[in-house]
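Enquirer: Both chains are sitting in their own frames, so use the hints and assemble them into the complex.
Respectively, the protein sequence lines represent chains A and B.
So for the first sequence, numbering that gives the first Met the number 0 puts the first residue at 0; every next one is plus one.
So for the second sequence, numbering that gives the first Met the number 0 puts the first residue at 0; every next one is plus one.
I should point out that these hints are in silico values taken from the structure, not numbers from a laboratory.
Each hint should be verified, as a subset may be incorrect.
Calculated lysine to any residue pairs in the SDA-like style (CA-CA distance at most 25 Å, straight line) [what the hints assert, rightly or not]:
no.: 1; chain 1: A; residue 1: Lys157; chain 2: B; residue 2: Gly70
no.: 2; chain 1: A; residue 1: Lys157; chain 2: B; residue 2: Ile4
no.: 3; chain 1: B; residue 1: Lys367; chain 2: B; residue 2: Gln255
no.: 4; chain 1: A; residue 1: Lys157; chain 2: B; residue 2: Asp47
no.: 5; chain 1: A; residue 1: Lys157; chain 2: B; residue 2: Gly44
no.: 6; chain 1: B; residue 1: Lys233; chain 2: B; residue 2: Gly308
no.: 7; chain 1: B; residue 1: Lys367; chain 2: B; residue 2: Gly354
no.: 8; chain 1: B; residue 1: Lys240; chain 2: B; residue 2: Glu5
no.: 9; chain 1: A; residue 1: Lys157; chain 2: B; residue 2: Asp20
no.: 10; chain 1: A; residue 1: Lys157; chain 2: B; residue 2: Ala69
no.: 11; chain 1: B; residue 1: Lys274; chain 2: B; residue 2: Arg245
no.: 12; chain 1: A; residue 1: Lys157; chain 2: B; residue 2: Gln49
no.: 13; chain 1: A; residue 1: Lys157; chain 2: B; residue 2: Ala68
no.: 14; chain 1: A; residue 1: Lys157; chain 2: B; residue 2: Asp43
no.: 15; chain 1: A; residue 1: Lys157; chain 2: B; residue 2: Ser61
no.: 16; chain 1: A; residue 1: Lys157; chain 2: B; residue 2: Met40
no.: 17; chain 1: B; residue 1: Lys274; chain 2: B; residue 2: Ile4
no.: 18; chain 1: B; residue 1: Lys286; chain 2: B; residue 2: Gly372
no.: 19; chain 1: B; residue 1: Lys2; chain 2: A; residue 2: Lys157
no.: 20; chain 1: A; residue 1: Lys157; chain 2: B; residue 2: Gln39
no.: 21; chain 1: A; residue 1: Lys157; chain 2: B; residue 2: Gly65
no.: 22; chain 1: A; residue 1: Lys157; chain 2: B; residue 2: Glu54
no.: 23; chain 1: A; residue 1: Lys157; chain 2: B; residue 2: Ser71
no.: 24; chain 1: B; residue 1: Lys240; chain 2: B; residue 2: Asp257
no.: 25; chain 1: B; residue 1: Lys311; chain 2: B; residue 2: Asp278
no.: 26; chain 1: B; residue 1: Lys2; chain 2: B; residue 2: Trp246
no.: 27; chain 1: A; residue 1: Lys157; chain 2: B; residue 2: Val51
no.: 28; chain 1: B; residue 1: Lys367; chain 2: B; residue 2: Pro253
no.: 29; chain 1: A; residue 1: Lys157; chain 2: B; residue 2: Ser58
no.: 30; chain 1: A; residue 1: Lys157; chain 2: B; residue 2: Asp45
no.: 31; chain 1: A; residue 1: Lys157; chain 2: B; residue 2: Ala42
no.: 32; chain 1: B; residue 1: Lys286; chain 2: B; residue 2: Asn341
Not everything, but these chain B residues come out facing chain A in the computed CB check (under 7 Å) [unchecked claim]:
no.: 33; residue: Pro26
no.: 34; residue: Thr28
no.: 35; residue: Ser38
no.: 36; residue: Gln39
no.: 37; residue: Ala42
no.: 38; residue: Asp45
no.: 39; residue: Arg52
no.: 40; residue: Glu54
For each residue, glycine too, the CB sits at the ideal point set by N, CA and C.
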Amino acid sequence: MEADTETQVLFERPQAMQPVRMHYCPGCTHGIVHRLLAEVMDEFDLVERSVGVAPVGCAVFAYEYFTCDMLEAAHGRAPAMATGVKRVRPDLFVFAYQGDGDLASIGIAETIHAAARGENISIIFINNAVFGMTGGQMAPTTLPGMRTSTTPEGRDLKLAGNPMRVCELLAALDGPAYLARVAVTNPRRVREAKRAIRRAFQAQLDELGFSLVEVLSTCPTRWGMPPLDALKWLDDNMVPYYPIKEFVVAEGLAEAE
Amino acid sequence: MRKMIEGSRAVAEAVGLCRPDVISAYPITPQTHIVEDLSQMVADGDIDAQYVRVESEHSAASVCLGAVAAGSRAYSATTSQGLMLMAEVLYNIAGMRLPLVITGVNRALSAPLSIWNDHQDTMALRDTGWLQLYAENSQEVLDMHIQAYKISEDDRVLLPVMVCMDGYVLTHTYESVDMPTQEEVDAFLPRYDPLYKLDPDDPYTLGAFADPSLYQEMRYEIQQDALGSKAVIKEAARDFKASFGRWMGDVLDPYQCDDAETIFIGLGTVVGTLKEWVDVKRGQGEKVGALKLRCFRPFPLEELREALGNAKRVVVVEKAVGVGAYGIVAAEVRAALYGQANMPPVTCAMAGLGGRDITFETFEEMLKRAQAGESDFFAGMRAELLEAS
Ligand SMILES: Cc1ncc(C[n+]2csc(CCOP(=O)(O)OP(=O)(O)O)c2C)c(N)n1
Ligand code: SF4
Chain A
0 MEADTETQVL FERPQAMQPV RMHYCPGCTH GIVHRLLAEV MDEFDLVERS
50 VGVAPVGCAV FAYEYFTCDM LEAAHGRAPA MATGVKRVRP DLFVFAYQGD
100 GDLASIGIAE TIHAAARGEN ISIIFINNAV FGMTGGQMAP TTLPGMRTST
150 TPEGRDLKLA GNPMRVCELL AALDGPAYLA RVAVTNPRRV REAKRAIRRA
200 FQAQLDELGF SLVEVLSTCP TRWGMPPLDA LKWLDDNMVP YYPIKEFVVA
250 EGLAEAE
Chain B
0 MRKMIEGSRA VAEAVGLCRP DVISAYPITP QTHIVEDLSQ MVADGDIDAQ
50 YVRVESEHSA ASVCLGAVAA GSRAYSATTS QGLMLMAEVL YNIAGMRLPL
100 VITGVNRALS APLSIWNDHQ DTMALRDTGW LQLYAENSQE VLDMHIQAYK
150 ISEDDRVLLP VMVCMDGYVL THTYESVDMP TQEEVDAFLP RYDPLYKLDP
200 DDPYTLGAFA DPSLYQEMRY EIQQDALGSK AVIKEAARDF KASFGRWMGD
250 VLDPYQCDDA ETIFIGLGTV VGTLKEWVDV KRGQGEKVGA LKLRCFRPFP
300 LEELREALGN AKRVVVVEKA VGVGAYGIVA AEVRAALYGQ ANMPPVTCAM
350 AGLGGRDITF ETFEEMLKRA QAGESDFFAG MRAELLEAS
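So here's chain B without its partners, still in its complex pose (with noise of 0.2 Å):
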């Protein structure tokens, strides 16, 4: 059904038609919206699930932990100061190899304290050993996490995954999306059957410890399962589309990209900004494209090496920045591209940090930098504040 509905109520409803039998949160802002949104559903009637009102985010990732281990699907969302606070458990959860969606809404990380939208909170957590999908829209954010849990819970995988979705830019406005019926999700997603859990008929140990003889193997596996789950998240982006109809790529999805001399990639909804821009230049004659990085963990490198190999000159906006050394998502743009033949030079352009708008006006100032050969800047800087420091 189609509906006018904000981004944070999109992901709730999705997420209750995931059926999750636990949802533990705690509040932050932008996420909020989404968990007051669940507890309302919840209220109501309209989930069977507990909603358990943590003292902190540490919490709530150890309450969904504990949920799953005992054989149940989760949820649970959080941002920024929120998603650093359960950094641990998510190792934990991932190595324990527990499948369990949470929403990573981005924001920007203290200090200075800031509420606005950058990535530097999620790509902090890329090695985790968590699945990271980034989205673009609402209808590609709700989508996503009914597609993730199918995912999480796939044996060959059982790995837990974070929905990324930019923070007030698509969790506080309002889109137009096609709802899918509870019957449509459950014939997508059976209910969760965990290949083992925490059951004394059945008696198993998780998170034990592991001297140096065993440690590195366990870290290989998930490594191993982590990169196979490429193959997984095609899989599910194709049978969504045989299911419902809708398809907004997989680990990649590109726009004007087979011709383009400069390639654009974004990530989350910076990409919508860039297709129009895209639409624009292609109007005046240049041949630019924009690849949505929609999968960065794991990291697409086969198909980046493919969807790069014709272009002239890779752009990265990217807004996480590494500090000390690159942007995050360049550096791992190059290492796929290196010591191939005839890749193009990659440049990035860091933006839009702490919810600076990132504007047209933006993309031709990276575009023209980039054309005059620049490989790192920040673009949109306003001058007259680094003069007076």
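Extracted from the complex, chain A is given alone in its bound form (with noise of 0.2 Å):
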């Protein structure tokens, strides 16, 4: 048939990411996310020179899913691991991928003297409010009143202390180049979370700094809730308590788009 030579493609698998099966439970937004990281991989042409460094949490098997070189963390480390390897490294592209627990609790220290020293390294931050790998226990990110395997009447301020916004904690420093809190619970803000993501590889690219991305990000499992139900209330509950904005944006970030 002549019309094979008019046959475009028009949608493929990512050069970045890997065919295999996703362990993720079905539904859950981490499978969404690690797409958009591989699809700006392949449009800034990085796959051949990218160092992802995986974190213990649901996303452990990072490693699994990407093309590139991946490096295990111990839990919480991936910043400071990312940054030995983007300082002996420059000419790579260097991001971590971490979830709340990882990266908010035990590795927040981590986290903040990355951001504060400004190291040109890259972060997808992954807010689903719960330690998912672990069995879905409080995360610094709870929202007040949920219920979680540690806090099984609901977080109680007064005892479990209050959630962290991490985006806002990191704006009062002067290292981030690049900060943006984003959700992926329809097709509108899949594509302005994608567009998060490419100006967070600019910012390092560019070398300005530090950048990360906060997805607000479902856990249907540990939250008892079917998929669909899980977005509706990411939507109604955690957008409210966690705006979804840009907070830092480095002037030469701005320029360069």
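Expert: Now the structure itself:
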């Protein structure tokens, strides 16, 4: 058939992604974020010169899903390990992928200090308000009143403290070049999330300093909800508490676009 | 009361019966069920404790340190990477002579990442000043926690105790246990009455600087009291038997060892498998025995000499490699026997690392190789993997 010559590829698996099935639960948005990350790596032609740092958390197997080199961190230590890699190989694109237990709980010191030093690395931060991997315990980002396996009656702020807004916290520092919070609950938001990831990557490529994109993410399994309900729950409950916006955009970065 | 419950649940209920004032922990597999159960019990009002959800194990240990220093009874649990992260604070707790009990769930260490069982994590902490007890089954781990507080808080000891339990094998399996009542535990374990604590009316400073004129004596005292705690551990086991009618050994627990030609030494759940195998071997007329090393710190030197003196050979089922040297347990068993007359040779059989099953076949291999005179080896290996690399 002649039509063959006119066939165009409109959509395919990104080069940065391994052709394997992921272990994430059905409806978990970790997978969407992986996909966006891979698309942006492709678009910047980074696959052959990237190193990713995988966290301890549900994304512990991230090294199975990206075609670039990957390094497995101890729980929470990804920003420090990424710093080491980037300092030795500034020519490489270095990113870390972390959950809220990893980044905001046990690894908050590494996060704050990498940001304060303005390390030229990029972090994708999955905020799903629980520790997914270990069974849905309270995370620093667990919402007030939210039930988890360690706050069975709901997070009582008097007993379990207040949730942490990571972007707002880091925005107080001078090191970050790009900080944004996004969600992936509908197609428009997915597109906006991708744009934020592009800008974070651009910040590193332009050597502007630390960049982080916080992605509000669902954990249908540990929230005990069907995936669609989880998306709605996120929009109704997490978005009001964790505003979606860009917190820091370095001057040079704004011009680069 | 008899109950069919998960090992983790047995620990949580036992800890609850010990009436802790403060519980602080950070989740980590396979310890998590213990602290989840405890947070539920606190939420339900079954335990009158504060449950502090901290950001890491380092902080969990530090919260416990502060809580005990302020005169309360505290508890935490962790495993593997979490234990490594706690290490700095664990030395401090022991150095300040603060009585505390934590459950050290046994799990392999990274890298490569593994969530399965071996003993490399708690064994790495053997010199922290913590006493270490290893449990064979759910009943023992339950009872051990109650004994552990009693030992730790004894004025002759004042050292923290780590109750070690095998991850998954014990934390995630269901067994029938006899759960004591609150009254029984209260009678055995009175409320904590600290010898000293932070109190402005009677001021103390804990953890102060010790220059070279002082430090060595402080270490000496820890060493003396740790060694001396052996008597207290034995006493606690005896008293426990008197109160609850159960006995699972004190520092050691021999099984068919009296006339045994070969004695296998194990810690934790592997002892259960060993006993089964010993029965089979005895049925075949082979004189083997199993010796449970229930207490690793303090190290039961004299008791081991006595228990092993009549054997022809000893095989240590070693789940902790002292990389670059020998198996950690075997090295200490050998040291205990060194210089004694007519002591048997000690074989170190490393096995069960990163969760590999130790089966009757593994014991058979160990026995054969020990009989052939091999002294240090890995058993249950997958030769095809080594050839491939
Ligand atoms: C030192 C240490 N402590 C605890 C753990 C256990 N652990 C593994 S993943 C995890 C939390 C994961 O939660 P999060 O980072 O929010 O990622 P998610 O699974 O939700 O994607 C914890 C506590 C560990 N591996 N190491
Ligand atoms: S537990 Fe939650 S975060 Fe983890 S894969 Fe499942 S849905 Fe995703």
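Enquirer: Would you list, in rising numerical order, the hints stated earlier that this structure does not obey?
Expert: 2, 19 and 38
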